[in-house]
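Keeping their order, the protein sequence lines are chains F and A.
Counting from 1 along the first sequence, just add 24 to a position and that's the residue number in this note's numbering.
Counting from 1 along the second sequence, just add 16 to a position and that's the residue number in this note's numbering.
Check the hints yourself; a few may be wrong.
[As the list claims (entries may be wrong)] Taking lysine-lysine and the PhoX-like style, the derived pairs with C-alpha atoms no more than 25 Å apart in a straight line are:
1) F/Lys29 to A/Lys309
2) F/Lys29 to A/Lys541
3) A/Lys185 to A/Lys541
4) A/Lys541 to A/Lys186
[As the list claims (entries may be wrong)] Ranges of calculated distance between the beta carbons of each label pair, as one might list FRET restraints:
5) A/Gly307 to F/Trp52: 30 to 40 Å
6) F/Ile75 to A/Val331: 26 to 36 Å
7) A/Phe471 to F/Ala68: 34 to 44 Å
8) F/Ile53 to A/Pro67: 43 to 53 Å
9) A/Asp532 to F/Lys29: 34 to 44 Å
Please keep in mind that the hints were generated in silico from the structure rather than gathered at the bench.
All of these numbers come straight from a predicted model, not from anything done at the bench.
Quick reminder that beta carbons are idealized off the backbone N, C-alpha and C, glycines included.
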Amino acid sequence: MRISKGGLLVIMAFLAPLIVELRTVLSWIGIRLSAGGTVALGGALVLAVLIWALWPPNGDTEAKLA
Amino acid sequence: MAMRNAYIDQFPKEARVIRAILWSSFLALTIGGTLGLIQGLHRTNILRFIPSQDYYTVLTAHGVLLVITFTIFFLVGIFTWAVTTSLDRGVEDIRFTWGWYIMMVIGTILVGVSILGGVVEQIPMNADVLFTFYSPLQAHPAFYIGLVLFVVGSWLAGVDWFRMWWAWKKENPDERIPLPTFMALTTMLFWYLSSLGVAISILAFLLPWSLGIIDSVNPLLTRTLFWFFGHPVVYFWLMPAYMLWYTMLPKISGGKLFSDPLARVVFVLFLILSTPVGIHHQYLDPGIAEGFKFIAMTNTMFLLLPSLLTAFTVVASMEHGARQRGGDGYLSWLKALPWRDPVFTGMALAGLMFAAGGFSGMINAGLNINYLVHNSWWVVGHFHLTVGTAVALTFMAASYWFMPQLTGKELWNRSVALVQVVLWFIGMTFMSNAMHRAGLFGMPRRTAEPQYQGFNFEPAVGTVGEINAQVALGAVLLTISVYLFIVNMVLTTVGGSSSDAIPDNTYAGTLSGPEDSPVILDNLKLWTSIAVVLVIIAYSLPLASIIDAGGLFGPGIDAWKPSVVADPTLVLESIRGVMF
Chain F
25 MRISKGGLLV
35 IMAFLAPLIV
45 ELRTVLSWIG
55 IRLSAGGTVA
65 LGGALVLAVL
75 IWALWPPNGD
85 TEAKLA
Chain A
17 MAMRNAYIDQ
27 FPKEARVIRA
37 ILWSSFLALT
47 IGGTLGLIQG
57 LHRTNILRFI
67 PSQDYYTVLT
77 AHGVLLVITF
87 TIFFLVGIFT
97 WAVTTSLDRG
107 VEDIRFTWGW
117 YIMMVIGTIL
127 VGVSILGGVV
137 EQIPMNADVL
147 FTFYSPLQAH
157 PAFYIGLVLF
167 VVGSWLAGVD
177 WFRMWWAWKK
187 ENPDERIPLP
197 TFMALTTMLF
207 WYLSSLGVAI
217 SILAFLLPWS
227 LGIIDSVNPL
237 LTRTLFWFFG
247 HPVVYFWLMP
257 AYMLWYTMLP
267 KISGGKLFSD
277 PLARVVFVLF
287 LILSTPVGIH
297 HQYLDPGIAE
307 GFKFIAMTNT
317 MFLLLPSLLT
327 AFTVVASMEH
337 GARQRGGDGY
347 LSWLKALPWR
357 DPVFTGMALA
367 GLMFAAGGFS
377 GMINAGLNIN
387 YLVHNSWWVV
397 GHFHLTVGTA
407 VALTFMAASY
417 WFMPQLTGKE
427 LWNRSVALVQ
437 VVLWFIGMTF
447 MSNAMHRAGL
457 FGMPRRTAEP
467 QYQGFNFEPA
477 VGTVGEINAQ
487 VALGAVLLTI
497 SVYLFIVNMV
507 LTTVGGSSSD
517 AIPDNTYAGT
527 LSGPEDSPVI
537 LDNLKLWTSI
547 AVVLVIIAYS
557 LPLASIIDAG
567 GLFGPGIDAW
577 KPSVVADPTL
587 VLESIRGVMF
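Given these sequences and hints, build the entire structure.
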């Protein structure tokens, strides 16, 4: 893992306001995102963060950032 | 084996009373939090299993239990810890400490039972007056008597801390006041000053009116006296959270507090500026001249200064801690912070959400832009970020450190604790965002059924249905978070055995200590005098004007006594009275 499990949990938490507010921000520039589209975008972001965090595995990081 | 030096080892008697105080606080949190879920689901029309008129009983209980009982019980417990720990001495008389605690408990029971009367027919009382309990809504006398007992109990808690400080000062005449004690005392001083408003409101007007001793009250006067206390009480909740950010976060981050003098300046500013701001809650009250409102707005904006100073000092302290732990770079040091520690993560997330709450608070405080959001769901979103997260989440996170200190037992489950604080952050993100947005298109607060016939709210983005779903989702996550917290606290207290692994009872050291700050900062008499003068300047003319226009006891109004079931005979009588 690139980061600790605790760190990953906190990054996931930070995604919540980002995704929720992104929809409002996008509307300012004329991009209307549906509720389903927002959920899909959120899911994609969560997946991207998970892939980044879990790949490539690095056992030392967990201990170093604990 | 090294000898354990937890709080319970240093102050066993005090630990016992603080444990009782914290449990009173947690009980209020559990009940109040559950009622919040009922409200959230009812208002959004997702699940309605109570009659809509009972919504206001639930709303009153939710407000009073969370913003009065949960917060104030917790803070008197934590300030007792702060003063005893930093002065390194026990309370002067433990019976006195138990005395004010029991007084607060009796007050809570009276208030709770009178509110419960709104839904239980066997209880001949009613107090559906909401947390903002000014007239023309009228409660049963027991509600007001309970509030008086609770507030007087908190005053006596302050006396307890002052007694300790005076005794310590005799033995240490040349010493600076230790920072945690300084914070508790300055907070208590503005609480004495500001709660005088609500004391006068209850004892001189609302209670005699409820007892039938006087026929009427001046609604604007009781509103103004309520807000005289109603805004400073926000800082009464917030200052213990600030104290924990100043004294615990730097230590848990692995470092020291950046500046003790700056922390003292912040608390002095809150002492002198907290009270003369209440009229900013009354921008739409017609009986107060615009000029007085402008003064309140100016005072309120000045209060941004200590909060911004706090943001700087606390973040600088966290950065220092992270660099001590090997962090480097402009922002990479953030990775070195102890994110796996629920105490740290909870407080850090609470601080982050407080920044968002501060920005929406600036909108509330602006005299002109307030008109856009006044009495709307925006305001509810705002205070769920401030008291509902900055304060509540900090208190819950801090409990993960305090409960082991008070019981001598290790925390039941740190992973559950971490999930709990993160869940609160996510739940509040969904809920408060939706509430703010709903307020912007005019959806009102304090209503069971905002789905009016023949009228549609028009959100700028998305639909009302999505906003409701977001609120309900947030409410569910927050409730789960409360239960996870309580389970952890219960199992920490009743389960497990005494552990030697409990850390020492200490608080953060300082990079720049009290020796770097002017001695005048510790002159509590001076700052209190300035606070009193500012209150006189801000309030004397508005109060004189209100009394001059509406009389001390009002021009004569009839109280509206909310009842659970409308009596058809009374309704007919009222109609007859109006028509004939």
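Taking the hints in turn, this is what the structure says about them:
no.: 1; hint: F/Lys29 to A/Lys309; result: 50 Å, violated
no.: 2; hint: F/Lys29 to A/Lys541; result: 50 Å, violated
no.: 3; hint: A/Lys185 to A/Lys541; result: 15 Å, holds
no.: 4; hint: A/Lys541 to A/Lys186; result: 17 Å, holds
no.: 5; hint: A/Gly307 to F/Trp52: 30 to 40 Å; result: 36 Å, holds
no.: 6; hint: F/Ile75 to A/Val331: 26 to 36 Å; result: 30 Å, holds
no.: 7; hint: A/Phe471 to F/Ala68: 34 to 44 Å; result: 37 Å, holds
no.: 8; hint: F/Ile53 to A/Pro67: 43 to 53 Å; result: 45 Å, holds
no.: 9; hint: A/Asp532 to F/Lys29: 34 to 44 Å; result: 40 Å, holds
In this structure, the earlier hints numbered 1, 2 are contradicted, and the remaining ones agree with it.
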